[in-house]
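> Work the whole structure out from these sequences, hints included.
Offset between the sequence shown (1-based) and the numbering used here: plus 2.
Treat the hints as calculated values from the structure; they're not laboratory data.
Errors might be hidden in some of the hints.
Stated by the list, open to error - No more than 20 Å apart at the CA atoms, straight line, and that leaves these computed lysine to any residue pairs for SDA-like:
| no. | residue 1 | residue 2 |
| --- | --- | --- |
| 1 | K113 | D17 |
| 2 | K42 | A90 |
| 3 | K42 | A82 |
| 4 | K106 | L28 |
| 5 | K42 | L162 |
| 6 | K42 | D81 |
| 7 | K113 | R7 |
| 8 | K113 | Q128 |
| 9 | K42 | L79 |
| 10 | K106 | L139 |
| 11 | K42 | V32 |
| 12 | K106 | R130 |
| 13 | K113 | I12 |
| 14 | K106 | S147 |
| 15 | K106 | Q132 |
| 16 | K106 | P205 |
| 17 | K106 | A27 |
Stated by the list, open to error - Using C-beta positions, here's what the derived DEER-type ranges look like:
| no. | residue 1 | residue 2 | range |
| --- | --- | --- | --- |
| 18 | Q128 | A35 | 43 to 51 Å |
| 19 | K113 | T34 | 28 to 36 Å |
| 20 | I188 | Q132 | 33 to 41 Å |
| 21 | P74 | T24 | 43 to 51 Å |
Just so you know, even glycine gets a beta-carbon here, dropped at the ideal spot from N, CA and C.
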Amino acid sequence: MLSDRDEELIRAWADQADGLVTFAALFSAVVTAFIIESYKLLQPDTDLLTLSVLRDISAQLNGSQPFHPIPPFEPLLSDAVQNSFLFASLISSLFSAGTGVFFKEWVREYKLNLPTDPHELVRVRQHRYQGAITWRLRTILGAISLFLQLGVAFFIGGLLLFVWNLDQTLRAVLVVFAAFWMAFWIGSACCPTFSDSCPFISPLSRLIFVVLTAVRRLWLSAGRSPDYDGDEGKRMCG
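Okay, structure coming up:
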């Protein structure tokens, strides 16, 4: 019985961690490709600097006054924000990938070095299961997913700024798709909070449920108990 429980739990955790790590690795490569082009906007134009130096040298050789020096380079605010979003996206995805690798190691160790004695095996399995619950392995796995979603949100923001001045039609299309994605992302995460039968349960939906429940309890802290379904709370947070 305990063996079946542990095998099902570990298999589900391992499969989810594998998918998250794979996505994080591929997503990091995509973000890096954009950063390689985007960070150049934070550096002065070397061609312009070279041209200015050549003009000054030519003016001195001709005995004329040199051109006015180029003012110190200052990147545009939009370029700084764009690169901040892209680097934040990369950091979020790398954090998710690294934590996912650690999680897979923890899950592997969970199944290793089990005793052969049946009574000792039962004790060790229950001890490890309680340890996984106490140290919130499921919460850590959910945090990996949340950081990946946050990284995607940062990337979309940086991508919009990246193409904002390139083409008006492209900008409009991307804004529409970004708005649709944002509405679907937030809407699907909020649905389980307001519908007991909604299957869109995810780490983000659990976080939203916990936050709203805490806010409701604070709002009703005058003496009345919060009016929410306890079974649904167990389903969302369990």
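> Decide, hint by hint, whether the structure agrees.
Hints, one by one, checked against the model:
Only pairs whose Cα atoms come within 20 Å are accepted, and K113 paired with D17 is accepted, the gap being roughly 15 Å. With a C-alpha separation of about 17 Å, the suggested pairing of K42 with A90 holds against the 20 Å cut-off. Distance hint between K42 and A82 is fulfilled; the C-alpha atoms sit about 11 Å from each other, no more than 20 Å. Among the hinted pairs, K106 with L28 is consistent with the structure: their alpha-carbon atoms are about 18 Å apart, no more than 20 Å.
For the hint linking K42 to L162, the alpha-carbon distance of about 17 Å falls within 20 Å, and the restraint holds. Distance check on the hinted pair: K42 and D81 sit about 10 Å apart at the alpha-carbon level, within 20 Å; holds. Pair hint K113 plus R7 holds up; C-alpha atoms about 12 Å apart against a cutoff of 20 Å. For the hint pairing K113 with Q128, the CA-to-CA distance comes to about 12 Å; that is within 20 Å, so the pair holds.
A distance of roughly 14 Å separates the Cα atoms of K42 and L79; the hinted pair therefore holds under the 20 Å criterion. Taken as a hint, the K106 and L139 pair is honoured in the structure, with Cα atoms around 11 Å apart against an allowance of 20 Å. Under the criterion of a C-alpha separation no larger than 20 Å, the hint pairing K42 with V32 is consistent with the structure, at around 17 Å. Restraint check: the Cα-Cα separation between K106 and R130 comes to about 16 Å, which is no more than 20 Å; the hinted pair holds.
Between K113 and I12 the alpha-carbon distance is near 8 Å, which keeps this suggested pair within the 20 Å criterion. A hinted pair counts as satisfied when its Cα atoms are at most 20 Å apart, and K106 with S147 qualifies at roughly 14 Å. Distance hint between K106 and Q132 is fulfilled; the C-alpha atoms sit about 18 Å from each other, no more than 20 Å. At most 20 Å may separate the alpha-carbon atoms for a hinted pair to count; K106 and P205 meet this at roughly 18 Å.
With a CA separation close to 15 Å, the supplied pair K106 and A27 stays within the 20 Å bound. A hinted range of 43 to 51 Å for the beta carbons of Q128 and A35 is consistent with their spacing of about 48 Å. At roughly 34 Å, the beta-carbon separation of K113 and T34 lies within the given 28 to 36 Å, and the hint holds. A beta carbon spacing of about 35 Å between I188 and Q132 agrees with the range 33 to 41 Å that was offered as a hint.
The given range of 43 to 51 Å is respected by P74 and T24, whose C-beta atoms sit roughly 44 Å from each other.
Of the numbered hints listed earlier, not one is contradicted by the structure.
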